[in-house]
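The lines below spell out each chain.
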Amino acid sequence: MMKPRTSKWRNRGKPFVIILTVLLLLIMLFPFFVMITTMLRTSKEVYISPPRWIPHTITFNNFFLVWSQYLLAGYFKSSAIIAIGSSALNMLLSIPAAYAIARLRFKGQQVALYLFLVVQMFSPVVVVISLFKTFSALNLLDSYIGLIIINAVFSMAFSIWLLSGYFKSIPVQIEEAAFIDGATRWQTVTRIILPISSPGLVTTTIYTFIAAWNEFLFALSFIQKQERMPLTLGLYRFVGRWSSQWELLTTSAFLAIIPVLVLFYIIQQRLIGGLTGGAVKG
Amino acid sequence: MSERVLTPHNKLRVREARLAYALLLPAVVCVTGFMIYPLVYVFLMSVFKTNRLGWLVKFVGLTNFGTVLSDIEFWRVTGRSLLWTTLAVFMKTFLGMVIAMLLNVQFRGQKMARMLFIAPWASSVPISVLLWSWVYNPQFGLLNHTLKITGIWPNPPVWLGYPISGFFAAIWVDIWIGVPFMALVFLSGMQSIPEELYESADMDGVNNFQKFKFITLPSILRIVQISTLLSALWTFNDFNAIYILTGGGPVNSTDILITSIYKNAFVYARFDQAAVMAIITFIILTSLSVVYARYYFKEDV
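Protein chains in written order, with the working numbering: chain A, 1 to 282; chain B, 283 to 583.
Hints should not be assumed to be uniformly reliable.
As the list claims (entries may be wrong) - Chain A is faced by these chain B residues, among others (derived, beta-carbon under 10 Å):
{"hint": "1", "residue": "Gly-315"}
{"hint": "2", "residue": "Val-322"}
{"hint": "3", "residue": "Val-342"}
{"hint": "4", "residue": "Leu-344"}
{"hint": "5", "residue": "Phe-347"}
{"hint": "6", "residue": "Asn-426"}
{"hint": "7", "residue": "Pro-462"}
{"hint": "8", "residue": "Ala-556"}
As the list claims (entries may be wrong) - Below, a list of computed lysine-lysine pairs in the DSSO-like style, where the Cα atoms sit at most 30 Å apart:
{"hint": "9", "chain 1": "A", "residue 1": "Lys-14", "chain 2": "B", "residue 2": "Lys-331"}
{"hint": "10", "chain 1": "B", "residue 1": "Lys-293", "chain 2": "A", "residue 2": "Lys-107"}
{"hint": "11", "chain 1": "A", "residue 1": "Lys-77", "chain 2": "B", "residue 2": "Lys-545"}
{"hint": "12", "chain 1": "A", "residue 1": "Lys-133", "chain 2": "B", "residue 2": "Lys-331"}
{"hint": "13", "chain 1": "B", "residue 1": "Lys-393", "chain 2": "B", "residue 2": "Lys-495"}
{"hint": "14", "chain 1": "A", "residue 1": "Lys-107", "chain 2": "A", "residue 2": "Lys-168"}
{"hint": "15", "chain 1": "A", "residue 1": "Lys-225", "chain 2": "B", "residue 2": "Lys-495"}
{"hint": "16", "chain 1": "B", "residue 1": "Lys-293", "chain 2": "A", "residue 2": "Lys-14"}
{"hint": "17", "chain 1": "A", "residue 1": "Lys-225", "chain 2": "A", "residue 2": "Lys-133"}
{"hint": "18", "chain 1": "A", "residue 1": "Lys-14", "chain 2": "B", "residue 2": "Lys-393"}
{"hint": "19", "chain 1": "B", "residue 1": "Lys-430", "chain 2": "A", "residue 2": "Lys-44"}
{"hint": "20", "chain 1": "B", "residue 1": "Lys-293", "chain 2": "A", "residue 2": "Lys-168"}
{"hint": "21", "chain 1": "A", "residue 1": "Lys-133", "chain 2": "B", "residue 2": "Lys-545"}
{"hint": "22", "chain 1": "B", "residue 1": "Lys-340", "chain 2": "A", "residue 2": "Lys-133"}
{"hint": "23", "chain 1": "B", "residue 1": "Lys-393", "chain 2": "B", "residue 2": "Lys-493"}
{"hint": "24", "chain 1": "A", "residue 1": "Lys-77", "chain 2": "A", "residue 2": "Lys-225"}
{"hint": "25", "chain 1": "B", "residue 1": "Lys-495", "chain 2": "B", "residue 2": "Lys-340"}
{"hint": "26", "chain 1": "A", "residue 1": "Lys-133", "chain 2": "A", "residue 2": "Lys-77"}
{"hint": "27", "chain 1": "B", "residue 1": "Lys-495", "chain 2": "B", "residue 2": "Lys-331"}
Stated by the list, open to error - A few chain A residues facing chain B, derived, Cβ under 7 Å:
{"hint": "28", "residue": "Phe-106"}
{"hint": "29", "residue": "Ser-123"}
{"hint": "30", "residue": "Val-239"}
{"hint": "31", "residue": "Ile-272"}
Because the hints were derived from the structure by calculation, they are not lab data. Heads up, the beta-carbon is just placed ideally off N, CA and C, and yes, glycines get one too.
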């Protein structure tokens, strides 16, 4: 899959390439370096001026402190509930829709197709100002259900696109053969289509999970209660309130980033393919 | 309807369509309820006078549009949004291209470097932005310390304290988040260019710059177009970088359209004006996505 080539750059260019790469990496990874070097210090060493790159004493104490100092466990719980709920709901909504678009003939197919493409680009900020009223009318403010629904809906268009692409790429002949053998439509879906497109299912599930885990705007607008706050909002409020505890904040940030970082590396190649519409092969 | 003869084949067709509608129903209901309906309501808000809770009070036609369009602050914010998008997308494309070219060279640790370059994209955006606000801290932050000590910038500004430096600090964070996507997409594109093209160019004694201009760039042009458009959409829409870093401050001087809509609605309770700006934003974004859709569906080059 990856075939880096050298002929473009003669070998004499290589040291230059490596130096530039390292330099750019230092710049791009700088905030992560700051995060790691801050979370390993005592609060005393966080607030010295001029600051130090590497602390004199390294401590892992912050990893214990964060759990007792504020509601980090609660934020984690909220984020997990919202992210898992959104991915599940997203699957429930997009698999049937993607199947209909990929496999069934009906009037309005084009309309449906374009509807999902257009809403993929919907700006959350544009609708959030009136969505607030809808949510309060439906009693969805300060609830997990509300955030689960809205996160699922905003990931749905992309999921339907990606999944219907996967479904379409499966040769119809396989299903036709199964039909002749007496299989029902339900069986062709559960035994043929879904297993074959499992990479697509994994990608969309993880994509929705990550998007919901990282979501900030809707949480900011709809959640007031501390115990319902996801990590993004909880940490944001934490900075506002206790701006003097960056060793704890960087520790929490580290813990909050790890799950999405791992998941992201699993799907990144397929994600790029989906976003650029086959211009780039996954 | 009654004249149509239902042959067995037609019956099957009708059943198939019914099944399709049933399968699409939940998704369509959700999109309608949580995206289309709120959007329609925003349209209504923009032509009504609203109260502090966002309720429609009185139909006023285009008065709100007049109020917003004659407000100098609106034009400042819009200008900043355009500057924000143009500058950030340009930088993302440029840096993305440089990184892709570097990663396209085989060297030891090249795979590792690729993994590491992805990190800003893979990380949680709101949390990264929070980290940046610590990085930018004038007294204890490591950025200014590093700039001073290395002599790159002996007297760095209090980044988030002033309108211009705050704005550029936020743009940089947005660029930082968006570069990895561009780099990866460009890299994938470059790796699908047949090696022979470069070999024959080598034989003709073509230099590296010419190779880039006449082989690499034309081959990945479509990829560059698609990803630049997508990036423009995301960048224009970015709420987190400005809101979390500066909150649009000091005194709204770093607000872009997206953060201004939010603040007008939820901070100043001017829902009608927020709605007008939201509609304008919607129009801009929709035209961008129509162009994106065109490129997305274009078969080859």
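Of the hints given before, which are not true for this structure?
-> 3, 4, 5, 9, 15, 16, 25, 27
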